[in-house]
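*Asks:* Sequence:
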Amino acid sequence: MSFDTTGLVAYVNGEYKPVAEASVSIFDHGFLYGDGVFEGMRVFDGGLFRAELHMERIARSARSLGLALPVETDEILNIIGEVVRRSELRDAHVRPIITRGFGGPGIDPRLCPVPSLIVSAYPFPPFLGADPIKLFTSAIVRKAPRSLGAHVKSLNYLDAIVAKQQAGELGVHDAVMLDSLGAVAECTGANLFIVVGDQLVTPTTRAALPGITRRTVLEIAAEEGIDAVERDIWPMELHAADGAFVCGSGAGVVPIGSFDGRPVTYPHNPLVERIQECYRAKTRDAAYRTELYAAA
1 MSFDTTGLVA YVNGEYKPVA EASVSIFDHG FLYGDGVFEG MRVFDGGLFR AELHMERIAR
61 SARSLGLALP VETDEILNII GEVVRRSELR DAHVRPIITR GFGGPGIDPR LCPVPSLIVS
121 AYPFPPFLGA DPIKLFTSAI VRKAPRSLGA HVKSLNYLDA IVAKQQAGEL GVHDAVMLDS
181 LGAVAECTGA NLFIVVGDQL VTPTTRAALP GITRRTVLEI AAEEGIDAVE RDIWPMELHA
241 ADGAFVCGSG AGVVPIGSFD GRPVTYPHNP LVERIQECYR AKTRDAAYRT ELYAAA
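Residue numbers for the sequence shown follow full-length UniProt numbering, so the first one is 1 and each next one is one higher.
Quick caveat, the hints were computed from the structure, so don't treat them as lab data. Accuracy of the hints is not assured; some may be wrong.
Said to hold, decoys possible - Just the calculated beta-carbon pair ranges, DEER-fashion: (1) Arg110 x Asn78: 26 to 34 angstroms; (2) Pro210 x Ala20: 30 to 38 angstroms; (3) Asp91 x Pro18: 18 to 26 angstroms; (4) Gly168 x Phe44: 46 to 54 angstroms; (5) Arg231 x Asp74: 47 to 55 angstroms; (6) Arg146 x Val229: 43 to 51 angstroms; (7) Pro18 x Ala222: 41 to 49 angstroms; (8) Pro263 x Val229: 18 to 26 angstroms; (9) Arg63 x Met236: 47 to 55 angstroms; (10) Glu88 x Ala286: 18 to 26 angstroms; (11) Phe3 x Met236: 18 to 26 angstroms; (12) Phe44 x Asn156: 25 to 33 angstroms.
All C-beta atoms, glycine included, are put in the ideal place defined by N, C-alpha and C.
With the hints as constraints, model all of the structure from the sequences given.
*Replies:* In structure tokens form, the structure reads like this:
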């Protein structure tokens with residue numbers, strides 16, 4: 001698959017550059033050791049979705065790692081807007097990254113006096129598509145909470161990458177990852193919900209990222225009078241689900257068709273379709289958007 005960056009502009013440590021010319025040092029500790037945090041955000045028709053929540057999360061992730069923000073979050077949002085406009089994008093995925101910055105070899109953060117800030121934006125259709133997807137349960141354990149808190153959206157995704165690699169070898173779309181207790185955590189890059197009767201159930205955030213889209217789905221459920229609970233989900237429950245979906249900024253809301261080769265009872269469950277419709281409406285609701293282009 002080719003990724004065309006023609007016409008795209010990125011921000012790197014104070015400068016806006018064509019993506020082909022944008023770079024960081026090979027001695028940046030984000031590159032050397034994965035020492036950094038990031039966000040995945042969406043622009044829908046010129047509006048950045050739930051920007052404040054994303055900025056709160058990246059600040060929380062950085063604070064957890066003792067990583068200073070190079071600029072205030074309001075300025076990060078200004079930079080994002082500039083990158084999107086210079087790239088002439090109306091629908092895009094946006095990735096602000098904060099790394100420990102340039103420093104000598106060795107993992108000691110004190111080697112890096114100034115953090116790095118990189119912001120890019122690019123066209124990115126939902127990465128799992130729109131049709132019901134096939135999942136399998138990976139043996140790779142999702143790290144957290146005793147290694148690194150699941151609330152930290154760090155640059156280290158190796159556990160998810162290996163599980164995704166397994167999914168590809170098996171010819172399915174993605175992997176379900178379990179936590180250290182054997183309960184369902186999340187997928188490699190998205191949160192997970194199952195439908196049990198008329199109830200929505202999602203794993204706790206003990207070993208799952210507290211996703212912005214996950215939070216939006218729970219808010220939709222409350223507004224729509226849909227019973228929704230957060231609790232441990234055990235793998236065998238997936239095989240009995242009446243419906244299921246994954247959700248995330250990069251995926252949207254995508255129905256699940258099967259777990260481990262066993263079909264979900266209703267791949268096009270009406271409750272899942274209702275959540276999809278409400279989510280699409282939220283992305284167009286002015287209360288949840290930061291407009292990046294001046295009104296015509």
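*Asks:* Against each hint, give a clear statement of whether it holds in the structure.
*Replies:* Each hint, compared with the structure:
1. Evaluation of the 26 to 34 angstroms hint for Arg110 and Asn78 yields a pass: the beta carbon distance comes to about 30 angstroms.
2. For Pro210 and Ala20, the hinted distance range of 30 to 38 angstroms is satisfied, since their beta carbons lie about 35 angstroms from each other.
3. Under the hint 18 to 26 angstroms, the C-beta atoms of Asp91 and Pro18, about 20 angstroms apart, fit the expected range.
4. Here the CB-CB span from Gly168 to Phe44 is close to 29 angstroms, at odds with the stated 46 to 54 angstroms.
5. In this structure, Arg231 and Asp74 break the distance hint of 47 to 55 angstroms, their C-beta atoms being roughly 37 angstroms apart.
6. Between Arg146 and Val229 the beta carbons are some 25 angstroms apart, a value that contradicts the proposed interval 43 to 51 angstroms.
7. A C-beta distance of roughly 44 angstroms is found between Pro18 and Ala222, which places it inside the suggested range of 41 to 49 angstroms.
8. For Pro263 paired with Val229, a C-beta distance near 24 angstroms keeps the hint of 18 to 26 angstroms intact.
9. Against the hinted window of 47 to 55 angstroms, the Cβ-Cβ separation of Arg63 and Met236 comes to about 38 angstroms, which falls outside the hint.
10. The hinted range of 18 to 26 angstroms is satisfied by Glu88 and Ala286, whose Cβ atoms lie roughly 23 angstroms apart.
11. For Phe3 and Met236, the Cβ-Cβ distance of about 39 angstroms falls outside the hinted range of 18 to 26 angstroms, so the restraint is violated.
12. Checked against the hint of 25 to 33 angstroms, the C-beta distance between Phe44 and Asn156 comes to roughly 29 angstroms, which is consistent with it.
In the structure shown, a violation is registered for the earlier hints numbered 4, 5, 6, 9 and 11, in ascending order.
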